[in-house]
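Protein chains: 2
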Amino acid sequence: MTLRRERPRLPAAERRRQIIDVTTRLIAERGFWGLSMQDVADGCGLTVPGLLHHVGSKDGLLLAVLDHRDEADVRSLDEAIGDASSAREICAALVRRNANQPEIVRLFAVLQAESLTPGHPAHDYFAARQQKTLEGFARLLKDLTPDPDGVAVRIAAMMDGLQVHWLRNPAEIDLVAQWEAAAEMIFRDLDPPTGG
Amino acid sequence: MTLRRERPRLPAAERRRQIIDVTTRLIAERGFWGLSMQDVADGCGLTVPGLLHHVGSKDGLLLAVLDHRDEADVRSLDEAIGDASSAREICAALVRRNANQPEIVRLFAVLQAESLTPGHPAHDYFAARQQKTLEGFARLLKDLTPDPDGVAVRIAAMMDGLQVHWLRNPAEIDLVAQWEAAAEMIFRDLDPPTGG
DNA sequence: GTTAATACCTAGTAGGTACTCAGTAGTCCT
DNA sequence: AGGACTACTGAGTACCTACTAGGTATTAAC
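Listed in order, the protein sequences are those of chains B and P.
Residue numbering for the first sequence follows the numbering used here, starting at 353 and increasing by one per position.
Residue numbering for the second sequence follows the numbering used here, starting at 353 and increasing by one per position.
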């Protein structure tokens, strides 16, 4: 008669995946400082020690989430580069992808701001991530402009900024359309019309 | 012989000002979820109930900080509008001001992301702030472009995005120069060369 | 110098925090 | 069926959380 028989014990990989999903949602809502192991455990239908059995510690939990996102990101970036030919198309593909996963965009928006302070457990991760991203953009732009590093910063800033505004007001701000308009001016003098 | 005589009891206004300063710094570092009344009290050299005597509650503390910032913002915006004539000059003045107060920029960057979730005590404040900001930009732009709302979003997004990148890497990213380059492309077709 | 106001403290409450230890029970292999 | 493995729990630790009640001591007014 115990109704929760439907969720007995899961194999480690499956449970871990569930933990990461739940944690992603909760960090997006409350940030890492506002996250409690109890809430994550509740969201997974197990006890706190049960949760700790899988992730070891709260920092370990954050690390698991970020590692998982990193894998997914690398995969999707490869796809975007594979399908698209120009820097502009690659950026548009990234934005389109983000427009379909607001939870994850919010996770990164919150963590990116929270981790500005050096003591944050994700500080180094995000510092490295930002550098990698900027280098990636700059590489794509190196033949299109005399200042690829500067343009890369502006592209990344515009993407991040639009995302935050869109997250706060998704009803009135169309992320993809806004990026399209932004890209129009960013790439106007850069992107030679070889794509037409 | 008690050495701490140098900081006895302060008049309410002065103490309140100190509390706001300390809280601003701490929220910038850890966010509101990560802020503890104990830390604020320690930073002010008094006990937690002493602190609560002035602000009533943790939410009251946040409100005090935001109210104070609002006043300062209104004042500085008036100055910017008074001195500058064009929309572009007003934006540049805002950016220059922000470049000189990284702590406060960080406070807003962290709170803006944290308060995306509706339950956050500053959620409504930031929603209203974003709307007011966008309306202000749009008003400045209404004679310069057929889509003032859209351009306003892009301007705000670029400012916010550049600020976050600058906060993480102030050594390599020059906020004012980056904004200048961004403004160049944003205003290229808008700003009629009447200013020359 | 007495009274009134108030900045601030001591002590305590009720509950939340991450985390540990030792054991139970379900699952897989043979 | 028996044994190894492991996902998971119950109970507990040490500490931090915002907040309150009631009192003290300093300052200001007259």
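Heads up, some of the hints might be wrong.
Since copy identity is lost for identical chains, a pair holds within one copy or between any two.
[As the list claims (entries may be wrong)] Here are the simulated EDC-like cross-link-like pairs (lysine to aspartate or glutamate), alpha carbons at most 20 Å apart as the crow flies:
#1 Lys410 - Glu431
#2 Lys494 - Glu524
#3 Lys484 - Asp526
#4 Lys484 - Glu524
None of these hints come from the bench; they were simulated from the model.
Since we're looking at a predicted model, the values are computed, not measured.
Enumerate the violated hints, using their earlier numbering and listing them in ascending order. The structure breaks only hint 1.
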